[in-house]
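Chemist: With chain A fixed as given, assemble chains B, C and D onto it according to the hints.
There are 4 protein chains.
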Amino acid sequence: MIKVGIIGASGYAGAELYRLLLNHKNVEIVAISSQSYAGKMISDLYPSFYGPYDMCLSQDQDVLDKADMIFASLPHGLSEKYAKVCEEQGKKFIDLGADFRLDKESDYQQWYQHDYQYPGLHEKQVYGLSEVNRDLIKKATIIGNPGCYPTSITLGLYPLLKNQMQKDEKIIIDSKSGTTGAGKSLSEDTHFPKCNESFHPYKIASHRHTPEIEQELSKMANQDIQVMFTPHLLPVNRGIISTIYVSLKDDVTFDEVYDIYHKTYQDEYFVRVLPKGKVADLKFVQYSNFCDISLHYDERYHQLIVVSTIDNMVKGAAGQAIQNMNLMCGFNELEGLMMIPASF
Amino acid sequence: MIKVGIIGASGYAGAELYRLLLNHKNVEIVAISSQSYAGKMISDLYPSFYGPYDMCLSQDQDVLDKADMIFASLPHGLSEKYAKVCEEQGKKFIDLGADFRLDKESDYQQWYQHDYQYPGLHEKQVYGLSEVNRDLIKKATIIGNPGCYPTSITLGLYPLLKNQMQKDEKIIIDSKSGTTGAGKSLSEDTHFPKCNESFHPYKIASHRHTPEIEQELSKMANQDIQVMFTPHLLPVNRGIISTIYVSLKDDVTFDEVYDIYHKTYQDEYFVRVLPKGKVADLKFVQYSNFCDISLHYDERYHQLIVVSTIDNMVKGAAGQAIQNMNLMCGFNELEGLMMIPASF
Amino acid sequence: MIKVGIIGASGYAGAELYRLLLNHKNVEIVAISSQSYAGKMISDLYPSFYGPYDMCLSQDQDVLDKADMIFASLPHGLSEKYAKVCEEQGKKFIDLGADFRLDKESDYQQWYQHDYQYPGLHEKQVYGLSEVNRDLIKKATIIGNPGCYPTSITLGLYPLLKNQMQKDEKIIIDSKSGTTGAGKSLSEDTHFPKCNESFHPYKIASHRHTPEIEQELSKMANQDIQVMFTPHLLPVNRGIISTIYVSLKDDVTFDEVYDIYHKTYQDEYFVRVLPKGKVADLKFVQYSNFCDISLHYDERYHQLIVVSTIDNMVKGAAGQAIQNMNLMCGFNELEGLMMIPASF
Amino acid sequence: MIKVGIIGASGYAGAELYRLLLNHKNVEIVAISSQSYAGKMISDLYPSFYGPYDMCLSQDQDVLDKADMIFASLPHGLSEKYAKVCEEQGKKFIDLGADFRLDKESDYQQWYQHDYQYPGLHEKQVYGLSEVNRDLIKKATIIGNPGCYPTSITLGLYPLLKNQMQKDEKIIIDSKSGTTGAGKSLSEDTHFPKCNESFHPYKIASHRHTPEIEQELSKMANQDIQVMFTPHLLPVNRGIISTIYVSLKDDVTFDEVYDIYHKTYQDEYFVRVLPKGKVADLKFVQYSNFCDISLHYDERYHQLIVVSTIDNMVKGAAGQAIQNMNLMCGFNELEGLMMIPASF
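Chains as they are written, first to last, in the numbering used here: chain A, 200 to 543; chain B, 200 to 543; chain C, 200 to 543; chain D, 200 to 543.
To be clear, the hints were calculated from the coordinates, so they are not data collected in a lab. Just so we're clear, the structure is a prediction, and the values are computed from it rather than from any experiment. Certain hints may be false.
Each pair may be met inside one copy or between any two copies, as identical chains are not told apart.
[Said to hold, decoys possible] Below, computed lysine-lysine pairings styled on DSS-like, alpha-carbon distance capped at 25 Å:
id: 1; residue 1: K448; residue 2: K369
id: 2; residue 1: K366; residue 2: K338
id: 3; residue 1: K402; residue 2: K475
id: 4; residue 1: K239; residue 2: K402
id: 5; residue 1: K402; residue 2: K366
id: 6; residue 1: K338; residue 2: K239
The shape of chain A in the complex, shown without the other chains (with noise of 0.2 Å):
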C-alpha cells in the first residue's frame, strides 16, 4: 500500500485519475489538491463524487507533503517545480502533462515557448509508453506520460517502424478526439448547441503534440519521420481513433505486416490487434485501458491504413499512468484497469 496523492485533481485528467485510483487495491489516496478549488469538495466538481468516495481538494504542497507518488495534471511550465522536489524527497513523479516529454529542450522552447527550469531532471525523465518503454519505467522516478494523440499514434506504428517496412519517412495521420481532450474549461468549441451535429478540424500543421509524435516514431523507426498531423475534433465524450496512411516497401505484404503487428502485441493485455477484416471503432475501448489496432491494406496502391483506436482519458491519460505507476511500484502491471468496455 502506497501513498499516493494527484496535483492538478480539479482537471479531467486528475479527476479521471482519481476515479481509477478509488479501485486500485495497492494505494492509499492521502491529497488531491488543486490551484482554484482549494477548499471545494470534488464532488461540487464532478457530483458523481458525491457520496462514498468524495473528498476535499487542498494545496499542492499539501500534496507533496504526504504523498510518496505523485501525480501531476498541470498545464505546461507548471509540473518541473513538483518534479523537483520529488527528485530531492527520493519520490516517485508522475506528469501528465507535456514538461517531461520532449528530449530536446529545443523543441520545448519552440512548441510551448517555455525554457527548462531544471534541465538536471530532463536527463532523468522517461517517456511513459508503457508497452515500449516497459524496462525503462521500472527504473524510473520521473515520467513523461504519453500525450492522447501520441499514445494512439506511436502504439498504432510501434511494430511496422520498428522492423522498418515503411516505404517513405512522410507519414500522414487524420486524428479524431471527444471533447473531453479539450478540457474542463468552457470554449465556444465546446458550448453544446456549436459542438453537437458539428465536425472540424483544429491546430491543422501546429499541434503541439506534433514533435513529441516525430520524435517517438523516429526513435522506433531509428530515422527521421515526418508526420501530417492533423487532429479533428469529434462530438462524443470519450475516445480518439487515428487513421493512418502509411507505404509499403515494395517486397513487404500485407501479411507479413500483420504477422508483425501480432507477434509484437501478442502478450500485451492492453493491446488488441484486430482480427483481419475487422475495423477498429472507439466505442469499442472507451472507458478502458485498451488501444484497439485494426490493419487495412489499399492493394491498388500497396499503401497500409492502420486504425489505432483508445480512450483519450484513461490509456491516452490516467489509466496508462497507472499502467507505469505499477511498473514503477512492482504491482500487478493491470491492477486498478481491468475495466471491461461496454458496446453499448
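Modeler: Just chains B, C and D, lined up with the frame of chain A:
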C-alpha cells in the same frame, strides 16, 4: 417592403431572426445591432452567415434610426427604453424578451425583481400568441412575444381550457428543451462533455416562465389555473416538448376533446393536431414554425395527456415574431415561414 | 466461488450482466447462451469483448447443466420453464424479464396476454428490489428482478409512501429512458438519423411496467396507488430519470419529507439522497449501480417533486441482479458493483 | 412551371428532394413513387410532411406518365430502364444513383458487378457537378448526379488540379459522413446505442465512390490521379467533411494556391472559399446547398490540406439535383436552394 432592424442580433434568438428575415420577401434588413460585438461581422459570431448574407453589427441607436419595424432580443429590463422611443416615433416594436409579456407589474416585480420604467407603455402591449390573439396583434404597436415554453404549453391547452373541459384547476406540465434555449453564453451545463449523454430538470418550481403560463392559461379558462411547471434540459440543439397532464371533467369524453382540438385549429396553418394514435416528436417540427400537438387518454383514470412540441428558436421565438410582424403589417401570415421540417 | 450462467446473453441486459460478472470475485461464469447466436463468440455481437473476455455462446441447456446460479434475460413467457428446472434441481434463479414480477396472474394475463404455466412457482417468487426486500431476497430461490422504470420509481417513492406522507392516491410520473432500454433489436425509433436530435413519449397510458409500478407502490403505501406513467425516449445511450409529482399531506412539511428520505437511505450504499438544492442527473449514475434521488418542493401548491435516476442497464437490470445474487449467496452486497461513475 | 416527379421518393434522397421541391417556384410536383410503399402517404414514412405537404406515393409508372422532368433515386441498376423511357419520350432525367456517373462500362462492371443495359444511353450522360460542368448540364437530357463524397472532394480539388499545382499523382482523402448517408434502411451500424458515441472508418480501400472520384479528378488534372479514399461514419445526422492531403509542386506557393481557389469560385454562389485562418465545419453548411472549403498549409513539408464540407443530402444529393434541373430548364440557378444554414 418595410425597413426592419434587430436590436440584440448577437444572441441566438436575434441571429435566428436575422436568418429567417433574410428570406422574407417584404422586408429589407437595414440594421442589426449588438452592445458587445458592434463593429464585428455577424459571421464572426455565426460562421454560417459567411458570404452572401454577411452584415456588420452596429449600435442599437442605428437600428432605432433606420428601421420602421424594430425587433428587440435582449435580457429583461433593457427593452422598455427602446419600446418607448418606438412609441414616440410611431414605429412598431416586437420584444422577444420578457418585458412586455406580463399583465401585472407585480408579477414582473416578483419574478424579475424589476419595476416598470414606463407603466403607460404596458397598457398597449399585446401578448403575441399569434393564433390566439390574432385580431389584437393586427392592431398592436408593441408586442410581447411569448416565451418558448409558454408557446408550447398555451397552444397545447387552448382548446381544452377555452371550452372548460378540464376538471381541476391544477395542471402538471413536464417540459423538455433543447440546449439553444439556454442561449449563446457558455455554461457548465452546456459544456459538451457534461451536457452530452445527460438529462436533468432545472429551476424546478421557480422558472420565470411560470407566471406567464398561469396568466395566459387563466385568461383562456376564464378562471385561475395553477401549474406545476418543471423544465428539463435535453441534449439536442432545438425543440421544446411539453407533456401536459390534466384531468377531464367527468362528463367530457376523449372524443369530444379531440374534436374540439381539431375544430379549433383546422384553419391554422402552423398548428397541426396529429391523428389519434400518432405521437408528437420534436424531430418533426425542427427548423419550422409548426406546433405539433398529439392527444392521449388514460382511460383508467379519465386523464388527458397533451403532447405539444415546437422549435424553440422558431415558433418559440423568431418565427412567431415574424408571424406577428406579418399580422401587424398586413403581410401574408405565412410569408418567410414556409420552412418544411425534415425527418432526418 | 459459485458457478453462474446466463440464459439469453445476446441481448443488452444479458451482455451487461456478462460484462459485470467478469469482474466479480466470487463467481465463475461457466456458460452463456443464446437461442439465435449459439456457436458464435460473444465478441461477434459485442466487439468490446474481443480478446481476454471472449466466450462462446452455447445452448440454453448448457447453462442449466453447468451453473448453480442461473440468470435469465428473455422475452416474457420464456423464463418459467427454466425456473421450473432450477427449482427441481435446487438451483437459484434470477429472472431479468417480466415473468416473476407480478403478484397476480390476472395482471400478467391482462398486460402480457399470457397465462402462468406453473402457478406454484410464483408463490416462491420474490420481487428483487434489493434495498426494500433485502431480507426476503436473502432467503429466496426465484427472483423477479425489477424493471428499469419501476426501479427508479419505487426507490424514488419508498420513503414517502411507507410513511404515508402523500395526500392523493394518484401520482404522476414522467419518465425518460436512454435508448439501450429499447434493446438490441433494430427499429425505426432507434435508427440514428431518426432518434438523434429527437424526443417523444411512447406507450402512453399503456406501458407494461404500469401494473408492476402500481403493485409495488401500493404495497409500500399499504393502500391503492394509481399512477399516470408516461415513458419517453431520450437520445442518450444509458440512464433513466423519473420526474415524479405527488401532493403532500397538509400537515407534512418538506423538511420532514427530506429527513425521512435521508434516514431511510442513510445506510444504503447504492442510494444517494442528494443535498437539498442539488438536482439528480442521469449523467452522474451512468455505468454505476447508484440510484440518485433529489427532492424538490413547490411551496405555492405544497407539492413534492421527486427526481430519481439510475443507469437502466445496471441498477435497472444487470447490476441489481448481481446485488440480488450477492444477497442470496451471502456475498458482500457491493461485490462486483463498485464501478464509480464519471462526470464526463 | 414544369411538371416534376420523383421515382423512389421513399428513400432519404428522394424524400429530401420532395422537401426541397415543395418550395421551388417553377415546379409542380405531379407524382412521387415508391415500389415498397405505393399507396401510403409520404407522412407515414416521414411525419414531418404531415398536413399541408402530404402526398400519396404511387407507382413508378405514374411518375413516368405525368412528369416532364423526372428524378430517380434508386439502388444501382434500376435507373437505366426509366432513363430509356424518358429518352424516348423526350423527357429530362436526373439520376441520383450511380448508374450514370461512370464514363467506362468496365469501371461500372468492376465496382458494381453490373452491365449496362443500354450502352447508347451512356453516351448522352453528363456528370452533374454543377459548378464544373455547367455548360454541358444546360444542354443535357440525362444527368448522373454526383455522389456525396465525390462532390465534396472534386469541388475541394478542382482549382488545384485544373491548374496542375499538385506534386504527386497520389492524393490521400480522409472523409467523414453523417449517418443519413447510410440511408433509411436499418442496420447495426446505425442502431442508436451502437452509433451514438462511436466513430470508425468503413469500406476502407473499397468504397464504390472511389472510381467516380478518380475519374473526375483525372479529368480535371488531365492526368491519372490516384486516391486513397477512406470514409468514416460520424455520429451526426447530416454533413460530409473531407480532409484532403496533397503535396504541392516545389515552385508553387500557398498564396498562389489560395488565390487560384478564390478566383475559381469567386462568382459561385454555392461554393465558399473561407478566409485564410478559418476552418470549414460541417455545422455551417447543414441543411443548405453550400460547399465550404478551407485551405491549410504545412510549411514544414510544403503540403496542402484542403478541408471541404457539404450537406450530404443537399449539395451531396437533392440540392445539387435541383441545381442541375435549374440549369437544364433555364431557371434561376439558385431557385429553391436559398436555404440559409444556421450555426446552432
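Chemist: Look at each hint and say if it fits the structure.
Modeler: The hints, checked one at a time:
1. K448 / K369: For K448 and K369, both the intra-copy (13 Å) and inter-copy (16 Å) Cα distances are at most 25 Å.
2. K366 / K338: neither (35 Å within a copy, 48 Å between copies)
3. K402 / K475: Answer is between: at 13 Å across copies they meet the 25 Å cutoff, but 33 Å inside does not.
4. K239 / K402: Between copies only: 24 Å across chains, 34 Å inside a chain, cut-off 25 Å.
5. K402 / K366: Between copies, since 24 Å is at most 25 Å while 27 Å is not.
6. K338 / K239: neither (36 Å within a copy, 44 Å between copies)
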